[in-house]
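Visitor: Put together the whole structure using the sequences plus the hints.
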Amino acid sequence: MGEVAGVDRPITIAIMAMGGQGGGVLADWIVAMAEHGGWVAQTTSVPGVAQRTGATIYYVELIRPEQRNSRPVLSLMPVPGDVDVVIASELMEAGRAIQRGLVSPDKTTLIASSHRSYAVTEKAKPGDGRADSAAVLGTAGAAAQRFVHADMQAMAERSGSVISSALFGALAGSGALPFARGDFEETIRASGLGVEASLRAFGSGFDTVQAPNRPEPEVAAVAARVTGGSAREQAELTRALRRVDSEFPAEAREMLVAGLRRMVDYQDVALAHEYLDRVGALVRIDAALAVEAARQVAVALSYDDVIRVADLKTRGSRFARVRSEVLARADQVVDTTEFMHPRVAEICATMPAGLGRAIEGSPMMTGLLKRLFERGRRVRTTHLRGFLQLYVVAGLKPWRRRLLRHEREMAHVQGWLDLVARTAPQDARLAVELLKCRRLVKGYSDTHARGQSKFDRVIGAAALVAGRADAADWIRRLREAALADEDGKMLDGALRTVASL
Amino acid sequence: MAERSFAREVQDLKLSAGEVFRGEGILAVTKALLQSGVGYVAGYQGAPISHLMDVLADAQGILGDLGVHFESSASEAAAASTLAASVMYPIRGAVTWKSTAGTNVACDALSNLASGGVMGGAVIVIGEDYGEGSSIMQERTHAFAMKSQIWLVDPRPNLESIVSLTEQSFELSEASNTPVMLEVRIRACHVHGSFIAKDNRKPAFTLGEALDNPVRDTGRIVLPPASFMHEQEKIAQRLPAAIRFIRERGLNETMPGDISEIGIILQGGMYNGVMRALKLLGLADVWGSTRVPLHVLNVTYPLVDEDLVAFCVGKQAILVVEEGQPEFIEQALNTVLRRADVQTRIHGKGALPMAGEYTALVLIDGIRKFIADAFPALLAEMTPAPDPRPLLASETVKALAPVVPPRPPSFCTGCPERPIFSAMALVQQELGLHHVAGDIGCHLFAINPPFNIGATTMGYGLGASSASAFQGRREGGKRSISVMGDGGFWHNGLLNGVGNAVFNKHDGLLVVVDNHYSAATGGQDILSSRADNDTRSTQHPIEDAVRGVGAKWVRRIDHTYSVGKLRDMLRDALTTREAGPKIIIASSECMLNRQRRERPLFNAAVKRGVRMVKPRFGVDEDICTGDHACIRLSGCPSLSVKDSGDPLKEDPVAAIDNSCVGCGNCGEVSEAAVLCPSFYRADIVHNPTGWDRFVAGVRGAVIGWLQRRRDGGRLALA
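Which chain is which? The protein sequence lines are A and L, in order.
Those letters in the first sequence? Residues 1 to 501, per the numbering used here, in order.
Those letters in the second sequence? Residues 1 to 718, per the numbering used here, in order.
To be clear, the hints were calculated from the coordinates, so they are not data collected in a lab.
Glycine is no exception: its CB is placed at the ideal position from the N, C-alpha and C atoms.
A couple of the hints might just be wrong.
[As the list claims (entries may be wrong)] The calculated DSS-like cross-link candidates involving lysine-lysine, where the alpha carbons are at most 27 Å apart (straight line), are: (1) A:Lys397 - L:Lys649; (2) L:Lys649 - A:Lys125; (3) A:Lys489 - L:Lys349; (4) L:Lys642 - A:Lys125; (5) A:Lys436 - L:Lys649; (6) L:Lys349 - L:Lys315; (7) L:Lys478 - L:Lys398; (8) L:Lys565 - L:Lys552.
[To be verified] Computed footprint of chain A on chain L, listed as stretches where at least three residues anywhere in the stretch have a Cβ under 8 Å from a Cβ of chain A: (9) 311 to 320; (10) 383 to 391; (11) 663 to 676.
Guide: As structure tokens, then:
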């Protein structure tokens, strides 16, 4: 059409943001920069309730006044298919811009922060409900004339600033607007708030567009190394590592090493060998079970109990991690409080099997324990008293095999592995799916009970589908249904379907 | 207690003649009120007109100098009643609210005001909350204007037009003794633009002069026989006077074009959208020239029959661009042309959709369809407008549909309302699901995941009364729960909710969410605000009010983050044998506003070297098992998920980012729900004292020794 953007038609910019991300600040900066340069600039937004964490959009039009007498008539909303620049402050918001038709292959520069801020529906799923970032990255590449993306949130955090500064830098670096870098930076300076940090984030954003989308260098795998413990323990662990290489197929070795690492960290080297024995028994039936068996048997043998929690909470490495997670500086003091809620069930489970069972059977004793112990407890692990409480519990580790919880867990594991072993010769795919069901058991107290019940119901359905060619697919579907919601409604429906087969 | 200071915007209100005002549409309206010599302003806050109220609340100095009375009304009904000052006295007044929600509330006063008519200019600034970004039901204010005969001004959405028509609305009101509604849509309220300012004007006749020289005229009071006279007067005198004024001033605009066969009649607010559509179709440019003649109705009620006939005569067809439904203007135009025996065909709804916002794409499609039907010869001269639909229909873009998650508004990080609904979720786990009646306010976000709590919302402050039908007392049966915010409570809820419940012996539970001011609309003070306010009377407890109207079972919790305590309180209310309404007042300050106020103070104190403690929460990633039960009881933006980094853990683990404000909800919930021990609270001591460092050093030494003792012997695979 021969129209010149900024002269015959306005330059159009849409900013997709989430409430609280400073999308308005970014729009105001663009307007201030344009007006300072003598342009006519208009911005609109529809914040409404969206300012409370929802998705929201800001829209900007810029045009040179030229020598005309009349004022330009600017649009108050983006025209799908007619937007020059789309800035998305989060990856899924870039996807939303594409879905709204704001991104066109013939004209749009799409600038997106590739970081994710997960929506409630994604993070609330009992399993992994996270959306597929690759799908958005792929579509964005095809839908935009030019697609620039980087983790601008991380850039902003590194600079001690907010994401709008990094995005403003990326906009400058993209060259999509007819303004020089100095004009952009002058606008930040004129705004007068957090100027130095904003300019640092701006610079990172600018540079990332100049040299965009560098792939991350691959980290080379490092061979496992045995540390700590006695010489005998070290020798036994080294022998376990050799067993991994000699007794198991190559594709399972990485997972097996992860399993061994968990076993010795959780208990001792004896458990490491027991782990290899159990996985080995399955692999000898069918090597196709190796990877899943390596993963799921390790998870099952290292069930989450109070000893494990106390052990993890009292380690030196954990204290260091807390300090780094909360960004504490060396000169600051950090006090850590844990939220524990011991229940009679867990107390009995942490007793020698016979004693625990006896107390569980006595209403009087459970009532007493309940009154004495069962309430929320806040334990200050940075104070001696709190630390020692957990330190002592963690010290029960050598006796773990004699405790009621262990007896129950091992019975449950045995039943499951027996079923897998019986199934594998007829239907190896089904056996793998049954192994994967261990993923359903997680959490503590009620959550754990609910997961265990889902696990039992899915595993129980194996008898209903065994012998069918698509038996494995049915168990996979049941498992996915079980992970889709908390109360198991999807699973109930899926089980009814299976029962009707 | 507003979210932010409006000191900078207040400066814009001081601009004098010739200076350039740059800012938002709604601030331009505010400035125009002062330029018009307004004597008083009242209103009720709410998007998109909140800033008018906020800025004036911060502009006491200017208002005092000009002698303008400003009032934050208790409701839109109170605001509308304020206009009674213009009935007998030549005083200009303006009121404002969000519509149609607010207009519904104001209707009693508006009907009476419009019946008797006004002497001083009475302008109602209407924030038309319609289309994208709206938070209310989709209706038109147009119907209210017609039913009460209040003129409706709908200016073109640029600051010059908005300001000029605001000023002329007062004159129109005075010329026709009729109140005028100035309708400003969401985007127009928030549009950034500029205009050349004029000096502010003091009111020509002051409120003091009126009080000292009272005037009355029973002919202006709505009581028979005057009320019958009013109706005749509306038709015989006020309407013709208004039409005369509109024509003399040329409030409606005709934009000529070379294509004489067709034309477009449009609401003023639609002008920029129609012009952009015409430009993209090759029929207009960005500088305001159009090939298709336009008749722009900056006044959409009343219509000026002669002007409409004059525009349509000689045209084969015209298109009416009228957003929303029913299509009042199009229907009226059909009558007008029929009466004048003009044969021009009228296109409107049909070419354009009956319902929904007129977005750019809708307008492009509608205008093209109109031309294809009415004047197809023009199609050859048009350009193809951009059309995203082929791309949107492609497999790659369609594949995004199941990927991109919805992102509805939700509770902010640290919101004190979150633990209320966590507690409600927990009590429902024990007692089963209950009927929960919602209200207007942030608390309505509980209807979304993860809480999924709330069945209806009937209006502001109507949470309690909307559960009225369920109040028959049943031994051992479930009770209804209703929710109401402090804003809604003072707006309407005290009488229609609590008074009604006491009088009718309701049995259900009402939870009043008190976050120390009207938080959702921007933090404006209300009767129960905890803060001191120089110009308002605050600190009147909600508890006193509900006891004052006779409620007996009243509990107050001043720290909503105590989830366990709140859960027990809710259980008690739902199971007690005591008769009458059960009322729980759950108070904690809005975290968004609190952080905006406190964070700078905290940072400044840290900079000065003062010892300050900042709590925040974290999750031990190796203890978290990735079930996300905590998220389902919270939904906090700072509580999210991340990769576990452990090949044995397939599902992502919970993680708390540094936006955490340490409200305490995570710990309380994991304790009350007996979830899991992964959460920890870290209290970070900034500028620790020597004693702090000494104690921490001793503890660290002992703990470190114990840790090294155990870790040293620990067999590991690195």
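Visitor: Indicate, hint by hint, whether the structure satisfies it.
Guide: Now for the hints, and whether the structure bears them out:
no.: 1; hint: A:Lys397 - L:Lys649; in the structure: 22 Å, holds
no.: 2; hint: L:Lys649 - A:Lys125; in the structure: 15 Å, holds
no.: 3; hint: A:Lys489 - L:Lys349; in the structure: 45 Å, violated
no.: 4; hint: L:Lys642 - A:Lys125; in the structure: 13 Å, holds
no.: 5; hint: A:Lys436 - L:Lys649; in the structure: 12 Å, holds
no.: 6; hint: L:Lys349 - L:Lys315; in the structure: 19 Å, holds
no.: 7; hint: L:Lys478 - L:Lys398; in the structure: 45 Å, violated
no.: 8; hint: L:Lys565 - L:Lys552; in the structure: 20 Å, holds
no.: 9; hint: 311 to 320; in the structure: violated (count 0)
no.: 10; hint: 383 to 391; in the structure: holds (count 7)
no.: 11; hint: 663 to 676; in the structure: holds (count 8)
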